[in-house]
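Novice: We have chain A already, so just place chain B on it with the hints.
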Amino acid sequence: MSTVATNQQTGFVGKASNYLDERTSISGAVKEFGRKIFPDHWSFLLGEVALYSFVIILLSGSFLTFFFQASMDVVTYTGSYVPLKGIEMSAAMSSTLDISFDLRGGLLMRQIHHWAALLFVAAIGLHMLRVFFTGAFRKPRELNWSIGFVLFVLAMAEGFTGYSLPDDLLSGNGLRIIDGMVNAVPVVGTWITFLLFGGEFPGSDIVGRLYTLHILLLPAILLIFIVLHLMFVIIHKHTQYPGPGKTENNVVGFPILPVYAAKAGGFFFIVFGVVALMASLVTINPIWVYGPYDPSPVSAGTQPDWYIGFADGALRLIPPHLETVWLGYVWSWNILIPILILLVFLAAVFAYPFIEAWVTGDKREHHLLDRPRNAPARTAIGAAGVTFYAVLWAAASSDIIATHFKVTMEGVINTLQILLILGPIIAFAVTKRVCLALQKKDRTMALHGFETGRIVRMPGGEYIEVHQQLDEYDRWKLVSFNDNAPLMLRPNPKGKITGGMRARARLSRWFFEDRIAPVTPTEHALELEQSHH
Amino acid sequence: MRNKTSRSARRSGRRGPLASIVLIALGLAATGGAYVAFSSVSATASIDLSSPAVIDEGSKLFAANCATCHGMQAQGTANGPSLIGVGSAAVDFQVGTGRMPMQAQGPQALKKPVQFTAEQTSALAAYVSSLAPGPSIPTQTQLENGNVSNGGELFRINCAMCHNVAGAGGALTEGKFAPVLKGVAAVHVYEAMLTGPQNMPVFNDLNLTPDEKKDIIAYLAYNEANPSPGGLELGSLGPVSEGLFLWIFGLGSIVALTVWITAKSN
Numbered sequence: 001m002s003t004v005a006t007n008q009q010t011g012f013v014g015k016a017s018n019y020l021d022e023r024t025s026i027s028g029a030v031k032e033f034g035r036k037i038f039p040d041h042w043s044f045l046l047g048e049v050a051l052y053s054f055v056i057i058l059l060s061g062s063f064l065t066f067f068f069q070a071s072m073d074v075v076t077y078t079g080s081y082v083p084l085k086g087i088e089m090s091a092a093m094s095s096t097l098d099i100s101f102d103l104r105g106g107l108l109m110r111q112i113h114h115w116a117a118l119l120f121v122a123a124i125g126l127h128m129l130r131v132f133f134t135g136a137f138r139k140p141r142e143l144n145w146s147i148g149f150v151l152f153v154l155a156m157a158e159g160f161t162g163y164s165l166p167d168d169l170l171s172g173n174g175l176r177i178i179d180g181m182v183n184a185v186p187v188v189g190t191w192i193t194f195l196l197f198g199g200e201f202p203g204s205d206i207v208g209r210l211y212t213l214h215i216l217l218l219p220a221i222l223l224i225f226i227v228l229h230l231m232f233v234i235i236h237k238h239t240q241y242p243g244p245g246k247t248e249n250n251v252v253g254f255p256i257l258p259v260y261a262a263k264a265g266g267f268f269f270i271v272f273g274v275v276a277l278m279a280s281l282v283t284i285n286p287i288w289v290y291g292p293y294d295p296s297p298v299s300a301g302t303q304p305d306w307y308i309g310f311a312d313g314a315l316r317l318i319p320p321h322l323e324t325v326w327l328g329y330v331w332s333w334n335i336l337i338p339i340l341i342l343l344v345f346l347a348a349v350f351a352y353p354f355i356e357a358w359v360t361g362d363k364r365e366h367h368l369l370d371r372p373r374n375a376p377a378r379t380a381i382g383a384a385g386v387t388f389y390a391v392l393w394a395a396a397s398s399d400i401i402a403t404h405f406k407v408t409m410e411g412v413i414n415t416l417q418i419l420l421i422l423g424p425i426i427a428f429a430v431t432k433r434v435c436l437a438l439q440k441k442d443r444t445m446a447l448h449g450f451e452t453g454r455i456v457r458m459p460g461g462e463y464i465e466v467h468q469q470l471d472e473y474d475r476w477k478l479v480s481f482n483d484n485a486p487l488m489l490r491p492n493p494k495g496k497i498t499g500g501m502r503a504r505a506r507l508s509r510w511f512f513e514d515r516i517a518p519v520t521p522t523e524h525a526l527e528l529e530q531s532h533h
Numbered sequence: 001m002r003n004k005t006s007r008s009a010r011r012s013g014r015r016g017p018l019a020s021i022v023l024i025a026l027g028l029a030a031t032g033g034a035y036v037a038f039s040s041v042s043a044t045a046s047i048d049l050s051s052p053a054v055i056d057e058g059s060k061l062f063a064a065n066c067a068t069c070h071g072m073q074a075q076g077t078a079n080g081p082s083l084i085g086v087g088s089a090a091v092d093f094q095v096g097t098g099r100m101p102m103q104a105q106g107p108q109a110l111k112k113p114v115q116f117t118a119e120q121t122s123a124l125a126a127y128v129s130s131l132a133p134g135p136s137i138p139t140q141t142q143l144e145n146g147n148v149s150n151g152g153e154l155f156r157i158n159c160a161m162c163h164n165v166a167g168a169g170g171a172l173t174e175g176k177f178a179p180v181l182k183g184v185a186a187v188h189v190y191e192a193m194l195t196g197p198q199n200m201p202v203f204n205d206l207n208l209t210p211d212e213k214k215d216i217i218a219y220l221a222y223n224e225a226n227p228s229p230g231g232l233e234l235g236s237l238g239p240v241s242e243g244l245f246l247w248i249f250g251l252g253s254i255v256a257l258t259v260w261i262t263a264k265s266n
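In order, the protein sequences belong to chains A and B. Going by the UniProt record's numbering, the letters in the first sequence line up with residues 1 to 533, in that order. Going by the UniProt record's numbering, the letters in the second sequence line up with residues 1 to 266, in that order.
Incorrect hints may appear among the rest.
[Unchecked claim] Computed far set for chain B versus chain A, every beta-carbon distance over 12 Å:
| id | residue |
| --- | --- |
| 1 | GLU57 |
| 2 | MET102 |
| 3 | GLN105 |
| 4 | PRO113 |
| 5 | ARG156 |
| 6 | ALA185 |
| 7 | GLY196 |
| 8 | LEU206 |
| 9 | GLU212 |
| 10 | LEU232 |
| 11 | ILE261 |
[Stated by the list, open to error] A short list of chain A residues far from chain B (calculated; beta carbon distances all over 10 Å):
| id | residue |
| --- | --- |
| 12 | SER25 |
| 13 | LEU346 |
| 14 | ARG475 |
[Unchecked claim] Now the stretches of chain B that chain A is said to cover, found in silico as 3 or more residues with beta-carbon under 8 Å:
| id | segment |
| --- | --- |
| 15 | 61 to 69 |
| 16 | 167 to 181 |
| 17 | 218 to 228 |
It should be emphasised that the hints constitute simulated quantities derived from the structure, not laboratory data. By construction, the Cβ of each residue, glycine as well, lies at the ideal position given by its N, Cα and C atoms.
Next comes chain A alone, as it looks inside the complex (with noise of 0.2 Å):
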């Protein structure tokens, strides 16, 4: 009773909170959410970018819904484009056409919902990055990573399925390949795809069908893992980078109400801002130069968006002629192979702190980051990783290097080819040599800090250059990270060591025989003796 009597509100806005607060409690809740600190530093905002692009891509899309025709009756186009006047087309693309020319402010609608699923995927790419990089996938996070793994490919998806939807040339020849990989797949690929196209390719479903799952399934789904996914960065508290005050037990930063709520806000403008200059100044998609989907044309330079870039690339590093034909079917190796590896490699993807997890063994909590020099295995392992898409990206442009480099289509398809296989092998060594350098920097400054460049002639005559000892707060820096060791190989109760224990042991050793050790602080205060003698 008497809560009730002190929260008597005057004024509107008091009373309306009280009214509802008393029906819904939801004040325990606004409370305990704003209190929620968030630290900042750029790379933490990379998530919110994609977020804000899917807030974007929703309200345009809405937009579009409106005015769209997901059907492939025939129609005869009557707009305003001339070049395609009285040309035959499905109602698809010509009521893209008409949102694009005869609908007011509907380009750059369409434009700005391209935009920003370009940079809906980019974002949430660079997003995983910073999260690989610094390990914050690590314990108790890898769920929250596997969440935000199904928000990359349904993203992928959402793209894919949006880029088909306007019927045009470059779309249906996209659809196409999507087909033929289908139809690669022994005994029921034929079967699938009739039952994806309803008939023979094109057959006249497929745009209702894809519609159905763009603006339907697909963006529910998207929802709910999105909700799901920032549910855990709430229960989680966010990470943040080592520094000194900044420990496994606290977070560092702004509560998010009010200063982080206001900031957040005003950053989606910004994104906001980005993706509309963009739309207005840029073309996405010129779908009239396209014309209307047909089986027969293709055009030269015929690419999907970037992000579905290294599934086309995977398809033209393959060597041809790799087919067999074997019980009466035809095994299409040329097209298995680099649906298989893209499926490795995303389940590479999907897998990785659960992987380093078990090879590490580290049952603890981490809520502070790792810098990626700090693990050099694992940044290592990125890099490589980053290099097998890099490659894979740039063959699906394979036909553009060569008319604007001046080289035969040929030998970029060769050398992408050696390097798809060496790249990564040559960027791991690489990085973990870089990184230990790092390390290693690292470790003379906490010992010795850093040269003043005063050169001080002793009384025999030696010349010596006076180092200055880092503060307390630079040196935190440098010496507090986790010191991972190979796991010792030891029997387990029942005295036995079986051989996913040996693996085990023979991975971890991989991942950390060569490693720097932390500065601790005796050696310190033992360095700091020996100096002054």
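Specialist: Same frame as chain A, but now just chain B:
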């Protein structure tokens, strides 16, 4: 005194405002007329290609510039194919776009600055077509008033696989390529279809009727005259250049902004 004379001189000697307008109009008409006359020279070759004097002139030019590769009688050598029967269209295209005389062996004879005047080119064409009949240079009426939308459809079906839907060019095998079609004269587009230079197939009048060729030309002209309504075209290269733009400028500027925002608070 001086003042007075100069003033009267100005009054009597200078022309009135109306006169300047007439003068400008005359000037415009003259340059316009000259332009029309000039451009029709290059297109319709008002020079009579069958006149012996022109052929003779062409034969001399040929002997001096082309015979080393194509042979004294244009019969062909190890360095260049026979030109018997290639017609005036092939010569006008190859010389008029600067591909011939070829300079360096490579995957493909490249375009260079044009080396002959319109008359000299016509003379060379006259000489080669006098050796044997072949496809001839189109007249101006063969290039005008095509149907843009039909041309677009024909272009997508017949040309886009090599030249890209927007005519932005594309790669072929072994370093060969289909060039960008921006800035190519209508007459050369027609001749390219008619003669199929190098790795381009020939589109004879049964493949693409003269009217259809006209339509394609009209489509290319429309595209060139009307830049993209969506803004910058990024080379009309499609998703590759869009993706690069997004990563470099889009995400680049956003990352810069995130750094800025968080730097402010520290």
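Novice: Give a verdict on every hint.
Specialist: Outcome of the hint check:
no.: 1; hint: GLU57; result: holds (37 Å)
no.: 2; hint: MET102; result: holds (18 Å)
no.: 3; hint: GLN105; result: holds (15 Å)
no.: 4; hint: PRO113; result: holds (18 Å)
no.: 5; hint: ARG156; result: violated (5 Å)
no.: 6; hint: ALA185; result: holds (20 Å)
no.: 7; hint: GLY196; result: holds (17 Å)
no.: 8; hint: LEU206; result: holds (19 Å)
no.: 9; hint: GLU212; result: holds (15 Å)
no.: 10; hint: LEU232; result: violated (5 Å)
no.: 11; hint: ILE261; result: violated (6 Å)
no.: 12; hint: SER25; result: holds (33 Å)
no.: 13; hint: LEU346; result: holds (19 Å)
no.: 14; hint: ARG475; result: holds (20 Å)
no.: 15; hint: 61 to 69; result: violated (count 0)
no.: 16; hint: 167 to 181; result: holds (count 10)
no.: 17; hint: 218 to 228; result: holds (count 4)
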